[in-house]
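Number of protein chains: 2
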Amino acid sequence: MNQDYIKADPWSIIEEGFDKEQVKSSESLFSLGNGAMGQRANFEEQYSGATFQGSYIAGVYYPDKTRVGWWKNGYPEYFAKVLNAPNWIGIDVFVNAEPLDLNTCTSVSNFRRELNMKEGWYKRSFNATMPNNVKVGVEVIRFLSIDLDEIGAIQYNLQVLNADAEVILLPYLDSGITNEDSNWDDKFWNTTKIVSEGERAFIQSHTMKTNFAVCTFMQTEVFVNGNKAQIKPTLKKDEQSVGNSYIIEVKKNQQLSLIKYGGYTVDRNHPKDQLQAVANLVLDEASENRFEGLLKKQKDSWAKIWEMSDIAIEGDVKAQQGIRFNIFHLNQTYLGKDSRLNIGPKGFTGEKYGGSTYWDTEAYCLPFYMATKNQEVAWSLLEYRYNHLEKAIENAHKLGFINGAALYPMVTMNGEECHNEWEITFEEIHRNGAISFAIYNYHRFTGDYSYIPKMGLEVLIGVARFWQQRFNFSEDKQQYVMLGVTGPNEYENNVNNNWYTNYLAKWCIDYTLEQLKVVKSKYPKDYNRIVDKTSLASAETENWAKVANNIYFPYSEKHEIFLQQDGFLDKILIRVKDLDKSQRPINQKWSWDRILRSPYIKQADVLQGFYFFEDHFGRDVLEKHFDFYEPFTVHESSLSPCVHSIQAAKLGRMEQAYKFYLRTSRLDLDDYNKEVEEGLHITSMAGTWMSIVEGFGGMRVLNDELHFTPQIPEQWESYTFKINFRNQIITVKVSKKEASFEITGEKALMIKVNDKPVELIPRKAVQA
Amino acid sequence: MNQDYIKADPWSIIEEGFDKEQVKSSESLFSLGNGAMGQRANFEEQYSGATFQGSYIAGVYYPDKTRVGWWKNGYPEYFAKVLNAPNWIGIDVFVNAEPLDLNTCTSVSNFRRELNMKEGWYKRSFNATMPNNVKVGVEVIRFLSIDLDEIGAIQYNLQVLNADAEVILLPYLDSGITNEDSNWDDKFWNTTKIVSEGERAFIQSHTMKTNFAVCTFMQTEVFVNGNKAQIKPTLKKDEQSVGNSYIIEVKKNQQLSLIKYGGYTVDRNHPKDQLQAVANLVLDEASENRFEGLLKKQKDSWAKIWEMSDIAIEGDVKAQQGIRFNIFHLNQTYLGKDSRLNIGPKGFTGEKYGGSTYWDTEAYCLPFYMATKNQEVAWSLLEYRYNHLEKAIENAHKLGFINGAALYPMVTMNGEECHNEWEITFEEIHRNGAISFAIYNYHRFTGDYSYIPKMGLEVLIGVARFWQQRFNFSEDKQQYVMLGVTGPNEYENNVNNNWYTNYLAKWCIDYTLEQLKVVKSKYPKDYNRIVDKTSLASAETENWAKVANNIYFPYSEKHEIFLQQDGFLDKILIRVKDLDKSQRPINQKWSWDRILRSPYIKQADVLQGFYFFEDHFGRDVLEKHFDFYEPFTVHESSLSPCVHSIQAAKLGRMEQAYKFYLRTSRLDLDDYNKEVEEGLHITSMAGTWMSIVEGFGGMRVLNDELHFTPQIPEQWESYTFKINFRNQIITVKVSKKEASFEITGEKALMIKVNDKPVELIPRKAVQA
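Keeping their order, the protein sequence lines are chains H and G. For the first sequence, my numbering puts the final residue at 768, and the numbers step up evenly by one. For the second sequence, my numbering puts the final residue at 768, and the numbers step up evenly by one.
No lab work stands behind these hints, which were simulated from the structure alone. Certain hints may be false.
One copy or two, it doesn't matter: identical chains are merged, so the pair holds either way.
What the hints assert, rightly or not - Calculated lysine-lysine pairs in the DSSO-like style (CA-CA distance at most 30 Å, straight line):
(1) Lys398 x Lys72
(2) Lys577 x Lys72
(3) Lys65 x Lys520
(4) Lys546 x Lys577
(5) Lys193 x Lys581
(6) Lys72 x Lys187
(7) Lys398 x Lys135
(8) Lys674 x Lys65
(9) Lys251 x Lys533
Just need the whole structure built from these sequences, with the hints factored in.
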């Protein structure tokens, strides 16, 4: 954990001073994205020190052959990788023929990075003395346009501070890149065509195997003291790269500026043979706007995003910075414009975890997007899974399930399973339930039922079929049991009767049976279409009910708790606080078998069930389970603290809730796990948002009604957030003294605050 | 299964007719070994068809970097591979400049292979028409000397059948070889020096990383019609190979013979700088003996081996061939001359399973070597583990165990763990118990206690310490439980309270406590030395006893059986015979999770415990367990049928016992599992021997007394085997009518036959 490295600031991420050891971490933290592409904060000019180069295009992946020890039936053939894409940001700089490289400069001063989250741009500035004793001052601003999401812009300003000099600026495109996270050192890209047209250039390339065609493009211009320089660049071109080399004689302190527009057009969005033509149109539009115009639009776009999604915290700048960093990166990663896309655990900030979609999306991200965007965005996330239903059925079939049973993959890019540890791929099947739960959650929150008859019911049926087949009747127990699963707590593998999975599975079946009735009576046409398509017979649903009504749940009479799984009480139940600190984190200090035999919980498991189904249990039951399980929880998953923060708040333990909040919100900024250089933990960022809104704010939807039980951490003066509840925007401000609520729109809205009804009249703040 | 491919013959393995599809399988079946080196039955002349080239040197391995999906703490860095060694058998043949290559010949007739097990040689002969229409007749005899175990000899006879011709014979050495089973395409060998001296040649090379220095050598001579040809060969040499090229003008039907001696000298056995000098001495000795002399010695050596280890079966040639094939390969693999060596699952017949030592050695191979060799051989096998004790302690320490607890590796070459599936490496810990059991078994059979005070007790202590730490007290059960293990049935992973492991662990502790008492009273000096060395205190052994006396064993009151593990009865208990045949073998047809959830048993698990500890349970208890578990056993491990054969025989179910016997004895010959081309199943071959001696013969040692309960399969007229029982050789012949027993030596011996005492007087056959 490094708490001094990033300066506290309410709206910006700021690094001051050049530390080569931090370059890779900063490349992650200052990453840019616009939902369609993204990139790590790599330097434009060459850098010979330790760096992790990364540019990514949403939806463009490579099916890297999986690498496992011993093959097992049902393993996927490949592990989809988010690909390092051709580099368009590069600008080589030479002063008096010496390359500018911060790793070789004899001194670097005033080095500063700022990621301005409010306006959506990234600035880097420094003074440096080069090995040839030339001193330069550099300031670079870069952003990826939210509006024109195929383009980004760079303004690279340079002054020679101690002499007149010959400067060469060489902006380039390069498709000769590699992936760090490659299993077999395969070549992932093939370059087919390189074109230069004046100050524009284009590289046509395609991915191997998946054959995504991408045109990487740029346009460059040079200005001296603000005036366009009349220099014709020299073309530099080889088999994988193309550059415009500008040779400029500059006077001491003259301001040299290079404007570079660049980006990608992709055949996911345009006809393959039009990619260069479209790129030209995009560049035309960027040129018309000019850098300043694009930047102005960028600020406007981010203002709109913040207008709805910001959470303002008074009195705690680190907490403020943390939540905005989380909200900013969530919006950089996914904007909901394209239902073929989803939210990768590392977003556009790194390669790790390959593939884009985990159960994180349904379990953690959906609530954020439902509450801070228009309904269409959440719909897109649900539709993504609907579109993968056939693949999920195939996947289940590979594992021996029949009759349209669906098992969604643990990790995917295109609906196929990409993960290959048997204990996860084959057994961590609770993910399937999160997908049904998201359908329920969408309806609960938005009030929009239409997704279910249109698409959702088919998903529910596939999932229910899977669960019914996955349970088996135990003659011994005379109940249905579920053997050989891995729950959300991945520090247990291949256990029997994981309570969370059993409970969720039962709920999925019950919920599906209910929705079948609703759709049958209210949407008979859809009902008939779906029953026909899925060949669903009443004998089958009766069988579902038979299973769901007689499921075994491990329970301890002595402790009055549901057991995480069979045999949990056989473990040595030493609490985490009684463990020697030198033993933590256990995933780095202990062998895997020791972890498996221990009672230690990586992330909420039974408690995840209590989070999803809070209304099924009384407060005292929650308290008993929280008090039993949290002491054994090591929170070594980024997804763990948020759920515990919400539940601690629910139990009125605000100090504990606040501790969990800080851990989740500043996980990457403070680098708790010493791994931020690999990229950011994007999906858990949505958990941070939940910690405030559902945790401190106590927001729930019960029986179509919005509830709040506002509380505030000691350390804060106030916090404010907005919720889009069924197309009305509610602003909630909680201070130590009171909570106030205000809605937009035309209709009044009844909400409940601390279980008391409160009527909200549009544009009238109500204190409660 | 291919039952017609190998001709039935009591003493030889015979293949007739050339089938390119069978080349790789035959390369396995006709493999040669002499305990110190071995080789697949690759052709001497070049072959462009599908082939799996393999030459192996005992104890020479390569630590190939492991390849896993996701790393886990405690995983080994490398996976030791038995290396494909430099090739010394190669003889290129050209007739009128055309290479002889059976893959390109226009016709091949009279192709025949014979592996003469009685005499220890391998012969291949054929007639072939080459693409240039030259017809040749070839006969090759090859063997690896048992006496001079650094050398082998080849006599390559060739006639041109339809014309005079120019023949080139080019015997060579080649160190430019690769391993099929390489994780990272690393280069495994480095060639440092190539020397040619007249008709001798030497390649000095060493393995990468492990740096084993090997001198591969040869000497060649050519004869025409039996007379040494006065031809000086031309030297052919490149960076990795060296050859002697003989150009001979032969007349039609003239007999051309090439004698080639070749082999390895290794710095495991000689000073590194003496390897070529030693090779020269070895070649001198071979030359003096000449081919015929060496072959004569070979026949004598094998006669001696068979004298003691043969099992003769009358009336069933396939059963006869099967058991001899098994005994032959066991002796080719391990002769007990070198306690640094052990018995790899594939011996010298393939690369699969890398590493040389599994628990197979102690559980399956030891009884064979104890009974058919001098005691020193079994001692060597035990000493091997004693020499690895420090490494086993380190291995346990890596996993979090302390205070000298020892965990022997699942797979090893040098004492370090080489296997890297967590569910096996970390959890299949019952292997540790097999090592203690072998110590007991050695004493039980040989009557020699001296190993225990000298070496064994330290091993027993390390293992007992491991078990005591591996159990944990369950507050819930108020007993000690063992969580997270994999039993011998690898179709279950990470289960709790595997009965076999719990029982074996308890036995290990109890046995160690007893031996501590014995050594204390009878070998006080050793006792003091060991207690001192291991810092063993009485508080510790009291703690062992406390654990061992209160261990939980899963048991079903309803079925009156011990349960394989917790929760076994929750499975869907459909018997194997009621499974659709299309679903078998399940390891090829089912996904891994389906296998894990099923009740199907790969190899004896609870029943393995009943095999080891038969005398702890009554016959009726065995029967109950056999009847419960065998119907769920798919026998998809080569180690499964033998134990079941022994137990079926014990229960008087001879028909079933015979079926199991056939399955184990002809597993490779009939290629039950369609994988013989990868190599043979060496360790399970010892199980075949047990099936006859312990199964049909009913041999047991109880209270220092040898017992037999002879039975005979319907299909046989008689069978005869010998047992070295405490340095007296007992010949047992069982026919349908009677059993007869005869001993060598000077002393009379009391044995029991069908529980009745029988006195054996030397050299007097007794019928009983």
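**Request:** Indicate which option fits the pair lysine 72, lysine 187 if close means a Cα-Cα distance not exceeding 30 Å: within, between, both or neither.
**Result:** both (27 Å within a copy, 28 Å between copies)
**Asked** At most 30 Å between C-alpha atoms: does lysine 674 with lysine 65 qualify within a copy, between copies, both, or neither?
**Response** both (29 Å within a copy, 26 Å between copies)
**Asked** Should lysine 251 paired with lysine 533 be assigned to within, between, both, or neither, using CA atoms and 30 Å as the limit?
**Response** neither (75 Å within a copy, 80 Å between copies)
**Asked** Taking 30 Å as the upper bound on the Cα-Cα distance, should lysine 398 and lysine 135 be classified as within, between, both, or neither?
**Response** neither (64 Å within a copy, 53 Å between copies)
**Message:** I want to check one pair: lysine 398 and lysine 72. Are their C-alpha atoms no more than 30 Å apart within a copy, between two copies, both, or neither?
**Reply:** both (12 Å within a copy, 27 Å between copies)
**Request:** Indicate which option fits the pair lysine 577, lysine 72 if close means a Cα-Cα distance not exceeding 30 Å: within, between, both or neither.
**Result:** Classified as between: cross-chain Cα gap 24 Å, same-chain 39 Å, threshold 30 Å.
**Request:** Up to 30 Å between alpha-carbons, please classify lysine 65 paired with lysine 520: within, between, both or neither.
**Result:** neither (45 Å within a copy, 59 Å between copies)
**Message:** I want to check one pair: lysine 546 and lysine 577. Are their C-alpha atoms no more than 30 Å apart within a copy, between two copies, both, or neither?
**Reply:** Only across copies: lysine 546 and lysine 577 sit 29 Å apart there, 43 Å inside one copy, limit 30 Å.
**Request:** With 30 Å as the alpha-carbon cut-off, assign the pair lysine 193 and lysine 581 to within, between, both or neither.
**Result:** neither (57 Å within a copy, 55 Å between copies)
Going down the numbered hints, you'll see the structure goes against 3, 5, 7, 9, while the others check out.
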